[in-house]
Amino acid sequence: MKPRLAVIKLASCDGCQVTLLDLEDELLAIGEALDVAHFTEASSRFDPDGPFDLTLIEGSVSQPRQIPIVRHARAMSKRLVAIGACANTGGLQALRNWANHEEYLSLVYARPEYIETLAESKPVSELVPVDFELNGCPPDRHQLLEVITAFLVGRRPNIRSESVCLECKRAGHVCVHVAYGIPCLGPVTQAGCGALCPGKRRGCYSCFGPRENANTGSLADDLERKGLPPAEVARRFRLIYGWAPPFRAESARREKP
Amino acid sequence: MTAQALARDDLGALFDALRAEGYRVVGPTLRDDAIVLADLRGPEDLPAGWTVRQGPGTYRVERRDDEALFGFAVGQHSWKGFLFPSRERLVEMRREDGALEHRPAARDAAPLAFLGVRGCDLAAIEVQDRTFMRGRHVDPGYDARRRAAFVVAVDCLEAGDLCFCASMGTGPGVERGFDLRLTELGPRFLVAVGSARGASVAARLPLRAAPAGDERRRRDGLDDARAHMGRTMQADDLPGLLFGNLDHPRWDDVAARCLACANCTLVCPTCFCFSVETVSDLSGTEARRDRAWDSCFTVQHGQIHGATFRPRIKDRYRQWLTHKLGAWVSQFGVSGCTGCGRCIAWCPVGIDLTEEVAAIRATSRPAVAMPPPPAPAPAVREPMVPATARVTAVRRETDDVVTLRIAHEIAFRPGQFHMLGLPAIGEVPISIAGGDGRSVDHTIRAVGAVSGALAALEPGHALGIRGPFGSAWPLEACVGRPVVVVAGGVGLAPLRAALDTMAARPLDYPSVRLLYGARTPADLLFTDDLQRWAADPRFAVRVTVDHAGADWRGDVGVVTRLITDVPPDAVALVCGPEMMMGFSVRALCAAGLPAERAYVSMERNMACAVAHCGRCQLGPYFVCRDGPVFRFDRIARLFDQEGF
Ligand SMILES: Cc1cc2nc3c(=O)[nH]c(=O)nc-3n(C[C@H](O)[C@H](O)[C@H](O)COP(=O)(O)OP(=O)(O)OC[C@H]3O[C@@H](n4cnc5c(N)ncnc54)[C@H](O)[C@@H]3O)c2cc1C
Ligand code: SF4
Ligand code: SF4
Ligand code: SF4
Ligand code: SF4
Numbered sequence: 008m009k010p011r012l013a014v015i016k017l018a019s020c021d022g023c024q025v026t027l028l029d030l031e032d033e034l035l036a037i038g039e040a041l042d043v044a045h046f047t048e049a050s051s052r053f054d055p056d057g058p059f060d061l062t063l064i065e066g067s068v069s070q071p072r073q074i075p076i077v078r079h080a081r082a083m084s085k086r087l088v089a090i091g092a093c094a095n096t097g098g099l100q101a102l103r104n105w106a107n108h109e110e111y112l113s114l115v116y117a118r119p120e121y122i123e124t125l126a127e128s129k130p131v132s133e134l135v136p137v138d139f140e141l142n143g144c145p146p147d148r149h150q151l152l153e154v155i156t157a158f159l160v161g162r163r164p165n166i167r168s169e170s171v172c173l174e175c176k177r178a179g180h181v182c183v184h185v186a187y188g189i190p191c192l193g194p195v196t197q198a199g200c201g202a203l204c205p206g207k208r209r210g211c212y213s214c215f216g217p218r219e220n221a222n223t224g225s226l227a228d229d230l231e232r233k234g235l236p237p238a239e240v241a242r243r244f245r246l247i248y249g250w251a252p253p254f255r256a257e258s259a260r261r262e263k264p
Numbered sequence: 004m005t006a007q008a009l010a011r012d013d014l015g016a017l018f019d020a021l022r023a024e025g026y027r028v029v030g031p032t033l034r035d036d037a038i039v040l041a042d043l044r045g046p047e048d049l050p051a052g053w054t055v056r057q058g059p060g061t062y063r064v065e066r067r068d069d070e071a072l073f074g075f076a077v078g079q080h081s082w083k084g085f086l087f088p089s090r091e092r093l094v095e096m097r098r099e100d101g102a103l104e105h106r107p108a109a110r111d112a113a114p115l116a117f118l119g120v121r122g123c124d125l126a127a128i129e130v131q132d133r134t135f136m137r138g139r140h141v142d143p144g145y146d147a148r149r150r151a152a153f154v155v156a157v158d159c160l161e162a163g164d165l166c167f168c169a170s171m172g173t174g175p176g177v178e179r180g181f182d183l184r185l186t187e188l189g190p191r192f193l194v195a196v197g198s199a200r201g202a203s204v205a206a207r208l209p210l211r212a213a214p215a216g217d218e219r220r221r222r223d224g225l226d227d228a229r230a231h232m233g234r235t236m237q238a239d240d241l242p243g244l245l246f247g248n249l250d251h252p253r254w255d256d257v258a259a260r261c262l263a264c265a266n267c268t269l270v271c272p273t274c275f276c277f278s279v280e281t282v283s284d285l286s287g288t289e290a291r292r293d294r295a296w297d298s299c300f301t302v303q304h305g306q307i308h309g310a311t312f313r314p315r316i317k318d319r320y321r322q323w324l325t326h327k328l329g330a331w332v333s334q335f336g337v338s339g340c341t342g343c344g345r346c347i348a349w350c351p352v353g354i355d356l357t358e359e360v361a362a363i364r365a366t367s368r369p370a371v372a373m374p375p376p377p378a379p380a381p382a383v384r385e386p387m388v389p390a391t392a393r394v395t396a397v398r399r400e401t402d403d404v405v406t407l408r409i410a411h412e413i414a415f416r417p418g419q420f421h422m423l424g425l426p427a428i429g430e431v432p433i434s435i436a437g438g439d440g441r442s443v444d445h446t447i448r449a450v451g452a453v454s455g456a457l458a459a460l461e462p463g464h465a466l467g468i469r470g471p472f473g474s475a476w477p478l479e480a481c482v483g484r485p486v487v488v489v490a491g492g493v494g495l496a497p498l499r500a501a502l503d504t505m506a507a508r509p510l511d512y513p514s515v516r517l518l519y520g521a522r523t524p525a526d527l528l529f530t531d532d533l534q535r536w537a538a539d540p541r542f543a544v545r546v547t548v549d550h551a552g553a554d555w556r557g558d559v560g561v562v563t564r565l566i567t568d569v570p571p572d573a574v575a576l577v578c579g580p581e582m583m584m585g586f587s588v589r590a591l592c593a594a595g596l597p598a599e600r601a602y603v604s605m606e607r608n609m610a611c612a613v614a615h616c617g618r619c620q621l622g623p624y625f626v627c628r629d630g631p632v633f634r635f636d637r638i639a640r641l642f643d644q645e646g647f
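Chains A and B, in that order, give the protein sequences.
Here the first sequence is numbered in the working numbering, starting from 8 and rising by one per residue.
Here the second sequence is numbered in the working numbering, starting from 4 and rising by one per residue.
A hint or two may mislead.
When the alpha-carbon atoms are kept at most 30 Å apart in a straight line, the in silico DSS-like pairs for lysine-lysine are as follows [unchecked claim]:
1. B:LYS317 with A:LYS233
2. B:LYS317 with A:LYS263
3. A:LYS233 with A:LYS263
Partial pick of chain A residues on the chain B-facing surface, computed with a CB cut under 8 Å [what the hints assert, rightly or not]:
4. GLU169
5. VAL185
6. GLY206
7. LYS207
8. ARG209
9. TYR212
10. GLU219
Calculated directly from the structure, the hints in this document are not laboratory data.
Virtual Cβ for every residue (Gly too), placed ideally from N, Cα, C.
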């Protein structure tokens with residue numbers, strides 16, 4: 008019997024699931040190798056009960072009703088892989104974690120009483136253990152394919168926790184930070200995107216989140232030396248992966264007057 | 004011969020000549036406001052009239068007030084990108100219906116002409132030659148590209164802001180190693196021929212006798228550059244100085260600034276570290292191994308199952324600097340730094356190695372002695388392509404350990420290891436636990452993906468095998484002496500063939516004591532071998548376990564407790580977890596054994612096992628080449644050093 012795949016969505020933009028659909032050349036082979044049991048974005052099959060061999064979970068835990076979904080997904084899945092910034096650190100919607108969510112609700116919605124929401128947008132791993140975290144907003148499709156392939160053939164996925172700078176240098180891009188003085192978060196950001204932005208003469212803004220051993224303090228000092236005011240430095244760290252602990256701590260340090 | 008010159012207006016003829024001889028011309032060109040190395044159509048692609056201004060962490064191109072074609076210092080790119088590309092496919096594998104095929108991947112080795120190679124960069128190419136071409140194992144892709152490459156060197160008559168080639172003895176002039184050399188003197192180039200290939204290209208050029216005084220102008224220009232180096236560094240004593248100061252407070256200071264981003268290592272023209280990745284299709288039928296530039300600033304570089312050797316940024320910066328300026332000399336007979344200054348410019352936070360070295364030197368403790376480089380060895384080609392072999396028998400040793408017997412005709416020395424691999428899963432080092440010339444035994448503990456898949460193989464299954472690699476237990480030095488063997492857990496596997504050799508040669512090994520520790524009685528390996536050895540009157544076998552039930556009649560407790568009454572002329576062979584080996588050697592030494600008669604087998608991350616990938620370094624040594632078996636006194640200092 009083919010291994011059963013589920014793709015589950017929490018609070019998210021669906022971009023991660025679309026990344027899976029973006030694997031146009033491989034989709035057929037994936038469909039052949041796996042039994043796609045539950046993937047509402049792409050298929051009419053609806054089987055949220057499981058069990059599953061591999062579950063990809065997208066989105067953050069943002070509403071009370073998502074808590075049992077996550078617990079159930081964990082219980083019914085041999086392998087649970089959290090994909091994307093939201094599932095792994097709370098995502099962009101975690102910006103509300105710094106504010107009063109009740110206030111936000113009344114500002115955004117005409118009838119806030121219909122909205123049930125948690126005070127904080129949380130990563131999946133705060134509720135249940137996950138077997139693998141694939142980062143990126145959205146994740147890189149080749150990396151997603153690698154995670155699926157590695158699961159099927161039984162190898163450790165080739166997903167490295169190194170900085171974007173390694174990919175940037177392997178690609179031969181001219182370093183925007185050094186050659187043009189464009190602030191770049193590449194040195195503290197997890198590789199995976201292939202250094203897309205530096206290749207287009209833009210600084211990395213860390214849509215893959217903090218890398219292992221990120222020395223955010225030294226980079227933030229350098230950004231200040233390059234003329235960015237501390238508040239602006241704080242904003243750079245408080246973006247898509249702002250709620251990830253190293254970035255959260257750095258933005259807090261720079262915010263202080 | 005009188006000096007020859009090529010008019011600047013005739014430079015196009017050099018491009019024509021190189022193309023006529025079959026070369027693709029690559030060299031410096033202005034792109035994206037930086038001088039990069041790329042394909043050149045002709046002289047019009049050279050950065051005429053441009054220079055660069057650099058400082059720690061900054062680089063800007065600027066107009067010159069003349070139209071010089073080579074009036075700039077080296078940039079982010081180096082020639083290593085062409086000879087040792089940032090990604091390269093190594094091996095292709097196909098598994099189908101039980102058959103397994105390994106073949107070398109096709110290589111791109113089209114001849115390139117490097118136009119504008121500076122002294123520091125030519126020296127850097129020669130440094131990498133030592134890694135990839137001059138050791139025991141030759142990298143076939145690098146070798147082919149390097150032999151095909153044509154070098155047009157260019158002298159530096161102006162020094163850059165961050166250059167210190169004069170300190171490192173690699174520039175500013177280029178005196179040897181080139182095919183052709185150009186010295187830019189305003190409206191013409193002074194041309195020197197350095198090889199037969201160079202002569203044949205030169206014969207196609209409209210050369211004229213150089214005006215009298217051009218050689219003088221070259222020498223004066225070089226003297227001027229030498230006198231205006233942007234940086235200096237005293238380098239000759241650095242290996243011993245850095246290794247004598249592994250606890251210097253400056254390492255903490257630089258670690259606070261260093262991002263561990265790896266830019267310094269990737270722009271450095273001599274850094275050679277790479278990772279090997281296994282890639283496959285969804286079914287695992289087609290697979291391949293690719294390599295990619297890696298760096299000691301990544302965590303994976305120094306990580307094995309269950310241990311991370313360089314967790315802190317401090318450990319990684321120290322690895323970079325002590326390797327580059329120190330260990331390199333012991334490994335390859337030359338410094339790993341040519342003084343090009345790239346790592347200073349392209350460090351996002353402007354860390355300057357010359358400053359770090361000066362700070363360490365200013366308050367240093369005495370230097371230590373470093374080992375000399377190994378003697379040259381005969382070269383082995385295609386070292387990364389495994390042979391296909393088949394499992395003939397599987398014996399389950401414990402819950403998570405099996406011994407595979409693999410049909411493979413090979414001569415090995417006890418203590419050496421193989422790289423065992425499965426196509427879509429990966430490749431790992433495993434010691435040779437025995438063999439008879441027709442087959443080898445490998446005892447494998449299933450701890451992760453690759454070892455788990457290997458341990459699940461069944462008779463008839465195919466796998467990839469490379470080797471044998473590494474150093475052996477010093478069985479000749481043991482002849483006529485009492486031998487004490489201390490083993491912990493799976494650490495008995497690499498010692499098994501040595502014990503069998505000693506069992507088979509009674510006259511040479513009059514007394515062998517085996518002290519073996521495991522977690523529980525159920526974790527003991529080779530129980531029938533243990534009985535066989537114990538039955539030999541020359542052998543004394545003692546087994547201890549950490550925990551045991553009531554029916555256990557052996558010892559309980561750590562293996563070091565068994566180390567007593569060591570004969571003063573004994574040789575000790577120790578293998579097990581690093582911590583256990585440390586305690587064991589200390590106990591042996593406390594019992595009177597000199598450290599130079601204790602041998603240990605070390606474990607580090609290995610992607611190649613042929614001293615190319617750089618991951619298994621232990622200070623001046625490669626564990627795959629100089630180890631895994633080391634005489635303890637040679638590594639004692641590093642053994643006790645946190646973060647190495
Ligand atoms: C000289 C030597 C001799 C040895 N002899 C023996 C022996 O006789 N018996 C024995 O049982 N063990 C032996 N070992 C240890 C053995 O090599 C390890 O247990 C094995 O490498 C574990 O690999 P794994 O993939 O199963 O484990 P994992 O935990 O999956 O991986 C271990 C490490 O390998 C790296 N890695 C593995 N796969 C990948 C990948 N796809 N992408 C990126 N990184 C990856 C990672 O850095 C990871 O931390 C020896 C080791 C050495 C160095
Ligand atoms: S551009 Fe950014 S990602 Fe690329 S090397 Fe420079 S700092 Fe690193
Ligand atoms: S260490 Fe720095 S200066 Fe030395 S060769 Fe490497 S990049 Fe150049
Ligand atoms: S270990 Fe040495 S060769 Fe490898 S990246 Fe570090 S400094 Fe460079
Ligand atoms: S020294 Fe500079 S370039 Fe090298 S890893 Fe540290 S921050 Fe990056």
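Hint check results:
1. B:LYS317 with A:LYS233: OK: LYS317 of chain B and LYS233 of chain A at ~25 Å, within 30 Å.
2. B:LYS317 with A:LYS263: holds (28 Å)
3. A:LYS233 with A:LYS263: Holds, at roughly 19 Å.
4. GLU169: holds (4 Å)
5. VAL185: Where the cut-off is 8 Å and the nearest Cβ of chain B is about 5 Å from VAL185 of chain A, the hint holds.
6. GLY206: It is violated, given that the least Cβ distance between GLY206 of chain A and chain B is near 10 Å, above 8 Å.
7. LYS207: violated (11 Å)
8. ARG209: violated (12 Å)
9. TYR212: Where the cut-off is 8 Å and the nearest Cβ of chain B is about 15 Å from TYR212 of chain A, the hint is violated.
10. GLU219: Nearest chain B Cβ about 5 Å off; hint holds.
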